[in-house]
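K.L.:
Chains A and B, in that order, give the protein sequences. Each residue of the first sequence is one higher than the one before, starting from 0 at the first, in numbering that gives the first Met the number 0. Each residue of the second sequence is one higher than the one before, starting from 0 at the first, in numbering that gives the first Met the number 0.
There may be inaccurate statements among the hints.
[Stated by the list, open to error] So the derived label-pair ranges between C-beta atoms look like this: (1) B:T95 / A:P123: 25 to 33 Å; (2) B:A46 / A:T156: 40 to 48 Å; (3) A:S219 / B:A43: 28 to 36 Å; (4) A:D25 / B:G40: 44 to 52 Å; (5) A:P138 / B:Q96: 21 to 29 Å; (6) A:G358 / B:S131: 50 to 58 Å; (7) A:D187 / B:A128: 32 to 40 Å; (8) A:E191 / B:T113: 50 to 58 Å; (9) A:F62 / B:E49: 37 to 45 Å.
[To be verified] Pulled a few chain A residues facing chain B out of the computed Cβ check, cut under 8 Å: (10) L131; (11) M136; (12) H151.
Worth flagging that the hints you see were computed from the coordinates, not collected in a lab. Glycine residues also receive a C-beta, built at the ideal position from the N, C-alpha and C atoms.
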Amino acid sequence: MGAALRDLRPVHVVGVGLHRYQRGSDTTFVTLGLTAVRGALTDAGLDWPEVEAAYTGTALLGFAVGRTMLRYLGATGIPMVQVENASASGSTAFRMACLDVATGISDIAVAIGVDKPEMPRLAPARAGLRDLVGSRMLPVTHFALLADEYMHRYGVTPEQVALVAVKNHRNGARNPFAHRQKERTLDDVLGEDPLAGVLTRLQCCPIGEGAAAVIVASDSAVERLGLNRSRSVQVLSSVLASERVYPGAANWDAELTRETTACALAEAGIGTADLDVIEVHDAFSIEELIYLEAMGVCGQGEAAALLTDGAWDIGGRCAVSPSGGLLSMGHPIGPTGVGQVVEITRQLRGEAGDRQHPGARTGLAHMVGVGAVCAVHVLRTAE
Amino acid sequence: MTRRVPVEPTLYDADGSAAPVLHGRRCASCGHAFFPPQGYGCEACGALPELLAPEEMPGAGTLVASVDVRSHPLAPFTVGIIALDAGPAIRAVIETQGATLTPGTRMRATLVATDGRDGSEVSELRFVAADS
Ligand SMILES: [Zn+2]
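Using the sequences provided together with the hints, build the complete structure.
P.N.:
In structure tokens, the structure reads:
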């Protein structure tokens with residue numbers, strides 16, 4: 000067994016920045032990324048030459064994204080790595096920046112996520128394999144199938160599933176960086192024909208463009224540069240896992256999230272009851288219910304009833320996707336996982352404005368990438 | 000009966016017999032059974048391709064979930080997850096024949112005549128409720 004993050008040097012988030020997530024526009028990825036990085040530098044009170052390594056999570060932009068963008072901050076010669084891990088690209092870039100600092104290779108590293116809505120070339124489609132459904136199995140159909148199985152197993156209604164989208168749009172309406180910034184009623188969400196099964200358009204995440212940046216630093220860097228320790232947030236654990244073979248008709252998305260989250264909580268030394276804020280991979284509404292149960296935040300089949308009771312609201316038992324989540328803040332792919340850490344950092348600092356979950360001290364960020372991979376990070380406010 | 004060309008000849012037999020079979024595989028090293036077939040290596044234990052033995056899997060199983068798809072160039076159609084009696088859970092096109100299928104319904108494979116891309120007649124394996 001290798002080491003856990005906490006066995007290494009402490010890692011602190013010291014600066015966060017975003018470019019708004021939005022529909023594809025004429026804005027170049029260079030402008031998107033620079034906006035987020037400059038925001039993070041200003042937030043941290045750091046100058047670019049202090050940053051010793053840059054990891055750029057991007058899935059759709061192609062070759063050589065990092066330096067094409069970052070050179071305009073002043074070409075300092077630091078190592079730059081492009082990270083592609085499907086929807087978990089940004090989360091993986093964040094993990095690599097954390098590991099850089101934890102191992103002592105860098106004192107300060109930045110994780111960036113940036114993307115524009117381009118059609119990806121999907122490797123699974125080029126593995127030379129055939130199946131019985133072919134192009135018919137789009138992601139929305141896969142998750143609609145999981146919704147059908149879940150609703151039947153637990154007696155959950157389509158309305159209860161749709162309430163995930165109502166909650167997350169309510170949160171996103173208060174987030175100036177969100178792609179969708181409009182509250183939606185249950186009638187709004189269910190007022191359109193489903194795309195597949197029970198899933199309507201507003202229960203599917205928008206894929207647009209945007210950028211996010213998070214700067215992480217060691218204790219020695221925080222001391223040496225006089226960074227504001229009261230606004231720093233410690234990364235307690237970082238776990239990245241990939242799918243194994245699960246028996247029979249098991250929901251592999253749920254099983255992967257179950258294993259990854261359990262490991263991340265154990266390495267952080269906390270339990271689910273300690274979690275105040277969770278940013279979950281809610282690309283489709285049903286995923287939030289399935290993943291909350293797989294994480295053990297509530298029992299199997301309980302998430303929908305607890306949602307109706309307000310347990311996952313800001314101010315409830317645990318704020319789930321206070322940013323608006325993928326459903327409302329959006330899922331521009333590369334930025335998404337980094338943006339989750341931005342939101343959790345703001346929540347744990349008490350700087351989330353009218354999205355603030357009262358007394359937030361501990362947060363968890365969860366992303367899934369097709370393939371499948373899963374990344375979970377646990378963060379805690381400065382003591 | 001006219002022999003139609005299967006849409007996916009590596010996946011199933013389409014000779015017009017009453018009970019089409021699926022071309023699954025089973026790992027001779029660990030027993031892991033899977034469909035669709037692949038010849039790269041065993042996902043469960045890493046055994047080499049030569050240990051992945053062909054196994055004919057009856058087109059019979061139980062419905063885990065199904066959905067109608069309305070937003071797709073081929074829509075409308077219905078797809079489902081079927082837990083085969085032979086072990087693997089597979090994804091397949093469902094012929095609902097107007098019925099609403101609930102999880103737990105017994106299903107069987109059937110060959111459906113469709114038009115191929117070049118206008119030729121082809122057979123596609125789909126699933127229907129077993130009592131239909
Ligand atoms: Zn095997």
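K.L.:
Now tell me, hint by hint, if it's right for this structure.
P.N.:
A quick look at each hint next to the structure:
{"no.": "1", "hint": "B:T95 / A:P123: 25 to 33 Å", "in the structure": "28 Å, holds"}
{"no.": "2", "hint": "B:A46 / A:T156: 40 to 48 Å", "in the structure": "45 Å, holds"}
{"no.": "3", "hint": "A:S219 / B:A43: 28 to 36 Å", "in the structure": "46 Å, violated"}
{"no.": "4", "hint": "A:D25 / B:G40: 44 to 52 Å", "in the structure": "46 Å, holds"}
{"no.": "5", "hint": "A:P138 / B:Q96: 21 to 29 Å", "in the structure": "27 Å, holds"}
{"no.": "6", "hint": "A:G358 / B:S131: 50 to 58 Å", "in the structure": "57 Å, holds"}
{"no.": "7", "hint": "A:D187 / B:A128: 32 to 40 Å", "in the structure": "35 Å, holds"}
{"no.": "8", "hint": "A:E191 / B:T113: 50 to 58 Å", "in the structure": "30 Å, violated"}
{"no.": "9", "hint": "A:F62 / B:E49: 37 to 45 Å", "in the structure": "38 Å, holds"}
{"no.": "10", "hint": "L131", "in the structure": "4 Å, holds"}
{"no.": "11", "hint": "M136", "in the structure": "6 Å, holds"}
{"no.": "12", "hint": "H151", "in the structure": "5 Å, holds"}
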